[in-house]
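Chain residues, written in single-letter form:
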Amino acid sequence: NAGVTQTPKFQVLKTGQSMTLQCAQDMNHEYMSWYRQDPGMGLRLIHYSVGAGITDQGEVPNGYNVSRSTTEDFPLRLLSAAPSQTSVYFCASSRGLAGSTDTQYFGPGTRLTVL
Amino acid sequence: AQSVTQPDIHITVSEGASLELRCNYSYGATPYLFWYVQSPGQGLQLLLKYFSGDTLVQGIKGFEAEFKRSQSSFNLRKPSVHWSDAAEYFCAVGDGGGFKTIFGAGTRLFVKA
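First to last, the protein sequences are chains A and B. Sequential numbering of the first sequence, starting at 1, is according to the numbering used here. Sequential numbering of the second sequence, starting at 116, is according to the numbering used here.
For reference, chain B alone in the conformation it holds in the complex (with noise of 0.2 Å):
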């Protein structure tokens, strides 16, 4: 079956570095893989997804994400944090038939001044 894995379930980065949220998948065939973030209060918005092609996927906010079949990885990072970018942010994948997105646990992202 298909599983999700973000070993962080929080991380604190200071304003202006680098940041990197892993997450690990669990699936036979190549995924349907996806970012999502949640502000506080809020639904959750689509950051990037990848399902085929270059396996650097750019997507909005200023996110990437690498898709990594070897290491079954789908890591999503950020050049320079921002403080609006405190959030949580949650990896997912397509369930293949195409019915269901499982989600993982999430990362808790705060950000220092």
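Looking at chain A on its own, in the form it has when it is part of the complex (with noise of 0.2 Å):
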């Protein structure tokens, strides 16, 4: 039971650049979420799932597009990577609600650096 993994660990961009994080889980989790760390501001919802084809915003979703067409994978998207978007990136699963009493698993998250 791998759990929650993430794709890439590391990522520099080039300012315009795309590219896709990845997020797959194996605990057969309805609710998926991605979140941004930055120093001081704690974890912050980017976008969230609760289920296939079901998505919707969090707190900062302004340049990420994310989509979820299987259980498992939950991709997030960059689609002109500006510097601002230089952040620690974490995927999460749980089995319900993320806001309710279920348990969130955390990815060890990737680190984007974008020049």
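Calculated directly from the structure, the hints in this document are not laboratory data. For each residue, glycine too, the CB sits at the ideal point set by N, CA and C. Misleading hints may appear alongside valid ones.
[What the hints assert, rightly or not] Examples of chain A residues toward chain B, derived with CB under 10 Å:
1. D26
2. M27
3. H29
4. Y31
5. Y35
6. P39
7. R44
8. L45
9. Y48
10. E59
11. N62
12. T101
13. T103
14. P108
15. L112
The task is to assemble the complex, starting from two chains supplied on their own in separate frames and drawing on the hints.
Shown next, in the form of structure tokens:
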């Protein structure tokens, strides 16, 4: 049972480039989410999904797209990278809704630098 | 709107000493409250959670937290800190609708020998 996996671990982009951060979970969880972590700001929710085919915006969705074609995978796409998107990105999953009693399981993170 | 405040950006304690990390939340109803720990270079791991019942909650690694409605607080405690407890700790609140968890800014714990 691998839990939540994220690739890549590190990535450097130039301004304007696009890329996809991958996230997968093998726990058959319905709920998945993407957060970014910046110093002194904790974790902020980017997008979340309550099941395959259903996604919604979080606190800071601008500049990011998501889709959920399967229960297992929840990729995060940066359409045109900007230096303000330099951050550490975490994917998380839970059996039920994250704001309820269910435990969220986090991936190891992707450290992204945009030059 | 829900919010979480962790007043201490960082705390240093001696190994073997007791620890209390503060957390205050803003929420109208009975909140779902969480404490997570993040070791360097790692993702977050749930320490404990509260959603109803006994206001003193036991978690993993010897941690406990007490929910105090009158003070809107959910402070994390440990009687004797180990060097391996050095990490960043995040308090969080569920948004009631269940879709989102709001995180505090975190408290970094340093443990000195």
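With a cut-off of 10 Å on the beta carbons, see whether A/P39 makes it to chain B. The hint holds - A/P39 has a Cβ within 10 Å of chain B, the shortest such distance being about 9 Å.
Proposed interface contact between A/T103 and chain B, which counts if any beta carbon pair is under 10 Å: Interface hint status for A/T103: holds (5 Å vs cutoff 10 Å).
So, as I understand it, the hint says A/D26 touches chain B; can you test that by seeing if any CB pair is closer than 10 Å? 15 Å, violated
Is the interface hint satisfied for A/H29? The criterion is a beta-carbon contact with chain B at less than 10 Å. 14 Å, violated
Would the hint on A/L45 stand, with a C-beta cut-off of 10 Å toward chain B? 6 Å, holds
Measuring from the C-beta of A/Y35 to each C-beta in chain B, is the shortest one below 10 Å? Status holds, d = 8 Å.
Per-residue hint verdict: A/R44, partner chain B, C-beta under 10 Å: 8 Å, holds
Next item in the hint list is A/N62. Is there a CB on chain B closer than 10 Å to its CB? 17 Å, violated
May I ask you to test the interface hint for A/E59 with respect to chain B, counting a Cβ-Cβ separation under 10 Å as satisfied? Holds - the Cβ of A/E59 comes within 10 Å of chain B, reaching about 8 Å at its closest.
Restraint satisfaction for A/M27 [CB to CB of chain B, less than 10 Å]: Check failed: Cβ of A/M27 comes no nearer than 14 Å to chain B, outside 10 Å.
With 10 Å as the cut and Cβ atoms as the points, is A/P108 at the interface with chain B? 5 Å, holds
Please check whether A/Y48 passes as an interface residue: C-beta within 10 Å of a C-beta belonging to chain B. This interface hint holds because 7 Å falls under the 10 Å limit.
Hints 1, 2, 3, 11, 15, counting from the list given before, are not met by this structure.
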